[in-house]
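Taken in order, these protein sequences are the chains called X and P.
Residues 1 to 158, numbered by my numbering, are exactly what the first sequence covers, in order.
Residues 1 to 446, numbered by my numbering, are exactly what the second sequence covers, in order.
Just so you know, these hints were derived from the structure itself, not from any lab.
Treat the hints loosely; a few may be bogus.
Covered stretches of chain P (chain X as the covering partner; in silico rule of three or more C-beta atoms under 8 Å from a C-beta of chain X) [claimed, not checked]:
(1) 206-213
(2) 266-272
(3) 292-300
(4) 311-323
(5) 401-415
Pair ranges (Cβ atoms, derived) [said to hold, decoys possible]:
(6) P:Pro-294 x X:Phe-45: 29 to 39 Å
(7) X:Phe-45 x P:Arg-409: 25 to 35 Å
(8) P:Pro-181 x X:Asn-158: 21 to 31 Å
By construction, the Cβ of each residue, glycine as well, lies at the ideal position given by its N, Cα and C atoms.
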Amino acid sequence: MLFKSLNKVTLALVMTLFLGACATQQATTTTKGEDAYTGTETVKFLADGVPDRVFFSTNKSELTSAATTTLGKQATYLKANPTLNVVLEGHADERGTREYNLALGERRATAAKNYLISNGVAANRIKVISYGKEKPANPASNVLAWSQNRRTVTVKTN
Amino acid sequence: MKYKIFTILALFFILTAKSFALVSVDITRGNLDPLPTAISDFYLDSKLGDNIKKLQLESKIPELIQNNLSRSGLFFALEKKSFIQRPEPAHNKPRFEDWAFIKTQVLVTGKISLEKEGRLRVEFKLWDVVSATELSALAFYTTPDNWRRVSHMISDKIYERLTGEKGYFDSRIIFVSETGPKVDRKKRLAIMDQDGYGVKYLTLGNELVLTPRFSPASQHVTYMSYFKNLPRVYLLNIETGIQDLVGDFPGMTFAPRFSPDGKKIIMSFAQEGNSDIYTMDIKTRVVEKLTDNPSIDTSPSYSPDGSYIAFNSDRSGFQQIYTMKSDGTNVKRISFGEGLYGTPVWSPRGDLIAFTKLYRNKFYIGVMRSDGSGERLLTENYYQEAPSWAPNGRVLVFYRETPSDSSGRGGGAKLWSIDLTGYNERLIQTPTDASDPSWSGLLSGK
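Only chain P is shown next, with the shape it has when bound in the complex:
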């Protein structure tokens, strides 16, 4: 058991540390020998009323946990019909030989009971089948309609216990929903759980909206809107729906992101053919200009400790990635491979910068260290860009476009995720076409 988990982590590490030659893409979609896992149905306390029983949470919660763990690529969920032991005795005292018989190495069990005022107590236990021990047990208290949140939180606890890494399931993705023909595309801000469930639209689609990004510290989102046909950066509170213009600039502002403490917005301001990078303090509204170069400077992204900024500039003649200190000094070019580089995004772990690369008419999502060394390309396609990190820095979400035909039809955009290893590439189902994804932090905090 311990040995098996160690193997997975060791593989993780080897693949992460491996440095590929430029443009030798590792797009092997092989499997990392995922951990066999049995997720038993939970059992319902007999005192639960029929109104709760008909929600079938005893199977829905384990199913959602199973979907999360399977999608991570690190776990292989065994089929429920092979399970020998019933949920209740399995939760109270598993017969480990029954579970070892179906060749699982890990067992998840649970119990749902009633608390006062209609609240539920959802308890889960994680068992090591090989060494016949309990690894962890936790209970969450919630209202029945919040069962998805609880399932995501349990998934995170299991992921953390078995990988030694923080989880990322209790999180959301904000993105741009796209409908209509390419020459008259309707774009709306939309938000959903990280597994694609519960899409809610935040704007009506009356004006073009682009590049939403979550605040790491609050329920705010910053994005770009063509409201009144003036392309500007806005700040939106997704709980109240109140939105504010960011700053008072006499031209287009775009490419916004938050500082790691959520207090500033960093963005580009274009004027007289020149785009430079600015910050605005949200509270004091004090504006600071960070770059002063006649080239295009855009797509800024802070390091997680706030001391550095990665950005995109064509000051060398074409698009490359640069870093600078957060006061604008010490500008250094870090991308030197062949091709064009854009959209640098600093990992929440601080060690890597994800980017988009255009080389020989193909687009790549890749990562490099913050000094530009160790470039690794994760995926190659006709068109893809705008990576955004999962809160644990292990998974990236991005969007990919398919080409339209000569009559302009058939093209589209979808959200995809891929592991930092270059493995486990997955489509994230959305009700409409989708682009510009931004992953939130963990909703339950650190």
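Extracted from the complex, chain X is given alone in its bound form:
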């Protein structure tokens, strides 16, 4: 347990050092080393006021408070439209090894799926797929693009 919490401290330190050099306006840097995208570029809408995607910090799959707000809206929308099914597409940025990123994309998509389920959406209406770093939303190689690419996108399948 001590070992684990030590690791978290180390991680936070590493993240802080890492981000110190390359922070941008949109990629918010906090003392916890979170760098999830908080802007609106690249975002599409499932319906009025229901954004289609949530963003993650580097190497993380925990949902940010912005992400849970978005997923809450998606859950409400999906419950109001009970015949709709969705696939959650998990993605990673290009700054990681291909195979690890495939796993990371799956973990991010699953985090979003579990949140929708816990908010009352039936599990059998949701599929997940990971694309790893294969399908960037923003093809640039910079911190902003990477933050926009660390995402899970909810796509209607019918």
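Mind docking chain P on chain X? Use the hints.
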């Protein structure tokens, strides 16, 4: 002569055994004083017909041998126009003083003659110019269109005789060919000779394909495909073109590799946010789960004797390299340097594990011993990953990406090779962008 070769081997050994401090990259691209080598044109038996003569194999075969040896970084090929003796007398009885005069230490000569049924006999001799002796002589029989294979096999024989190591020229590389814009990249499986010649495409590009790997024992390849938008591991016979789904998993399977005997595929299966490592026996289709941890476990690679597996896991909080016995017991973390570690790949010699490292926003290809000691970083760049070993464990191939600009253009991926010493980094020319290389074993076997 003997002394010179000994020097090269001694340098090889010293550089290999040298252990650098972490993150002090040895990227000196200096030259190891390569061995001066003269590769004479071969001579054509006068009985050969015009149809053979017009192929100009008497110069093409030596040229290919010369390219192979030069690319290895261990040989320096002297210019043909400095040669004094003609190919035929040189092959039958070299005038060593003529060759010593141009300061070569090694001479390669050859003869091409006709066998029955249109087959060729390609004979080569390797000479030690300094001690004026023949080191080896061998003949290969082949059809004229197979001259590249024969040239690679001769290159291997020369490399073996002069370095004491197995060669790696008679081998192929499978990779992913990439075209189109980054947001809609078209990826196809492709295969070529190790020198980049003869690229053939194995898939049409209708679906995304990733991470092909050769079977060490057969003409099979395992890879990941998004066929029907279901990301799964496949097995492909590259001679028949027949492909099979590997296993019946209710989710994504990825990161496949063969066991050293070619009988099993080891891979990751992702479910409910958790990736674990599984094997499937290709014949019996029996599936075994090897890791059971809520973290990401991926990029498995067997030791060459099949008794251990190296893999990538973030169970410590972030990406590190672990080893375990092939039954999944005795899990040990072996990477403890600063930064993140991925894609462990066990050397065919068994002594080293190659890996990708991310440290302070740079990517490195490196090697460490299988207990994690002796970490050495071979090359540093903006982005590079996925090393794969040449069959003799002396050279690594990997892919390197260049960044795109703010409009998303200008980025790309290419294949590179580098010696285990950290020297002799070389681009491998491919017709398109290329990634995920996997080096085959020697085609002619051991």
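Handout entry: Broken hints, by number
Key = Violated hints: none; all satisfied.
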